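There are 4 protein chains.
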Amino acid sequence: MLKNNEKIYFSPNLNLRERACFETGIKLGALYHILCGIPISSDEKIITSIEKGIEAAISCQPFVKSVKIKIDKSKIVGNKSTAFDYDEITGKIIQAELVINYENIEVLAKIDWIEDMQYPLMFIEKITNIE
Amino acid sequence: MLKNNEKIYFSPNLNLRERACFETGIKLGALYHILCGIPISSDEKIITSIEKGIEAAISCQPFVKSVKIKIDKSKIVGNKSTAFDYDEITGKIIQAELVINYENIEVLAKIDWIEDMQYPLMFIEKITNIE
Amino acid sequence: MLKNNEKIYFSPNLNLRERACFETGIKLGALYHILCGIPISSDEKIITSIEKGIEAAISCQPFVKSVKIKIDKSKIVGNKSTAFDYDEITGKIIQAELVINYENIEVLAKIDWIEDMQYPLMFIEKITNIE
Amino acid sequence: MLKNNEKIYFSPNLNLRERACFETGIKLGALYHILCGIPISSDEKIITSIEKGIEAAISCQPFVKSVKIKIDKSKIVGNKSTAFDYDEITGKIIQAELVINYENIEVLAKIDWIEDMQYPLMFIEKITNIE
Chain R
156 MLKNNEKIYF SPNLNLRERA CFETGIKLGA LYHILCGIPI SSDEKIITSI
206 EKGIEAAISC QPFVKSVKIK IDKSKIVGNK STAFDYDEIT GKIIQAELVI
256 NYENIEVLAK IDWIEDMQYP LMFIEKITNI E
Chain V
156 MLKNNEKIYF SPNLNLRERA CFETGIKLGA LYHILCGIPI SSDEKIITSI
206 EKGIEAAISC QPFVKSVKIK IDKSKIVGNK STAFDYDEIT GKIIQAELVI
256 NYENIEVLAK IDWIEDMQYP LMFIEKITNI E
Chain E
156 MLKNNEKIYF SPNLNLRERA CFETGIKLGA LYHILCGIPI SSDEKIITSI
206 EKGIEAAISC QPFVKSVKIK IDKSKIVGNK STAFDYDEIT GKIIQAELVI
256 NYENIEVLAK IDWIEDMQYP LMFIEKITNI E
Chain L
156 MLKNNEKIYF SPNLNLRERA CFETGIKLGA LYHILCGIPI SSDEKIITSI
206 EKGIEAAISC QPFVKSVKIK IDKSKIVGNK STAFDYDEIT GKIIQAELVI
256 NYENIEVLAK IDWIEDMQYP LMFIEKITNI E
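Residue numbers (my numbering), protein chains in the order written: chain R, 156 to 286; chain V, 156 to 286; chain E, 156 to 286; chain L, 156 to 286.
Keep in mind that the hints were calculated from the coordinates and are not lab data. Quantities reported herein were computed from a predicted structural model and do not represent experimental measurements. If a hint is listed, it holds; no wrong ones were tucked in.
Identical copies look the same in the list; a pair holds intra-copy or inter-copy alike.
Here are the computed lysine-lysine pairs in the PhoX-like style, where the Cα-Cα straight-line distance is at most 20 Å:
1. K220 x K235
2. K247 x K265
3. K230 x K247
4. K200 x K223
5. K265 x K281
6. K207 x K223
7. K281 x K162
8. K235 x K162
9. K207 x K225
10. K265 x K228
11. K225 x K265
12. K207 x K228
13. K162 x K265
14. K200 x K220
15. K223 x K265
16. K200 x K228
17. K223 x K247
18. K247 x K207
19. K225 x K247
Go ahead and model the full structure; you've got the sequences and the hints to work with.
Structure (structure tokens):
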């Protein structure tokens with residue numbers, strides 16, 4: 156039996172690079188929406204645990220070679236000086252770096268808050284054919 | 156001032172079709188993770204409201220031409236016969252159809268539960284250059 | 156067979172009012188974290204669809220008598236003047252009103268952004284014994 | 156200036172125990188909906204990272220004395236034998252234990268999948284007045 160014969164569902168006009176870009180987008184969209192709304196404080200240990208936890212989760216997804224999440228601590232409001240003094244993750248503080256490896260294509264993509272766009276941009280920084 | 160000059164962040168080696176595929180992936184990844192965990196029952200009105208609500212949300216994202224969500228009612232367990240008799244959205248019941256229009260490229264993509272893979276597959280069914 | 160015999164799991168020291176308050180908290184916590192991160196624009200139809208969709212979902216949960224979500228339009232940034240000109244739901248714009256009915260107890264609870272706390276407070280405004 | 160004067164928003168008829176139960180519910184509702192949909196595999200290190208990450212997040216919330224998440228490994232399908240062979244967190248595999256301390260009240264609450272209810276029940280196991 157042929158398991159994971161997922162290719163039959165894709166357009167035959169889609170080449171390997173296009174497929175790799177599609178897979179990259181899926182992971183960034185997922186990563187972002189999993190992170191949004193998660194409570195956080197400026198405590199270094201809390202931040203690191205959350206980063207590692209969601210990295211571990213995303214690393215389970217297909218074709219993920221590596222994933223690194225960096226919450227921008229400088230923008231977190233809240234150090235638990237009172238019960239209500241903490242923050243929640245939004246696009247303003249999410250930074251991530253993802254490497255997707257689909258067949259012989261490798262894609263390096265990022266999420267970063269672009270100040271002059273006021274937008275958490277997801278973009279492909281590098282796409283290469285591996286020999 | 157040039158707003159939304161997002162292209163400068165992308166690799167110059169990325170062509171329009173590849174960018175369109177990336178954007179398509181982002182939206183499907185987002186849509187899927189927004190839906191997961193939402194309470195639902197088999198009541199037609201409840202299902203339709205949830206579908207319309209998340210369609211409206213996804214339609215706000217960049218380059219989305221259309222989006223259609225179809226929760227697979229036949230697989231929903233729970234008709235509120237008791238307080239605890241309802242279900243939650245998972246990949247098993249999510250069906251979606253998305254059209255992305257990036258510059259002159261149009262991408263038709265879907266999410267569907269593939270029984271023999273036991274997987275909620277996201278795939279590109281069609282990619283076309285619009286004249 | 157006794158289905159939904161959930162009471163056996165609860166402390167016998169918990170009275171009806173306490174249980175009702177617990178159930179109220181569950182729903183507000185769920186509602187809030189389902190909403191966080193959902194894309195939105197200032198378009199009235201988009202806002203209403205999202206509100207109705209999540210209201211329908213929460214109404215499936217146990218003991219929910221009514222639920223009303225009001226996204227604070229005045230604070231939404233983004234009217235889709237460009238592809239990237241839209242917003243995402245955070246605690247700053249979530250307003251909700253929930254009525255829980257557990258046995259003969261009715262609880263009215265709310266979520267609102269409290270400006271001087273800089274916090275999306277969840278609170279019980281009224282708790283009554285129904286005759 | 157009085158910060159965190161959140162008590163003025165609550166009904167004066169609400170006693171300390173009721174407030175503590177309400178706060179407990181909020182955290183369980185949040186915890187549950189943050190976890191739902193997160194990718195996971197049966198790899199022990201992946202599971203532990205995700206557990207620790209979401210525990211760290213929930214520990215930031217008001218009145219949380221301790222929180223322990225246990226994903227039920229025995230029910231996870233997927234050990235990454237292929238790209239698509241992994242799972243996603245649902246109520247079926249979430250186990251959690253939370254202690255809330257509000258003023259002199261301590262509440263021990265849990266989430267567990269109750270097989271004969273087919274439901275991820277949230278319940279208060281113990282509520283005590285601390286001297």
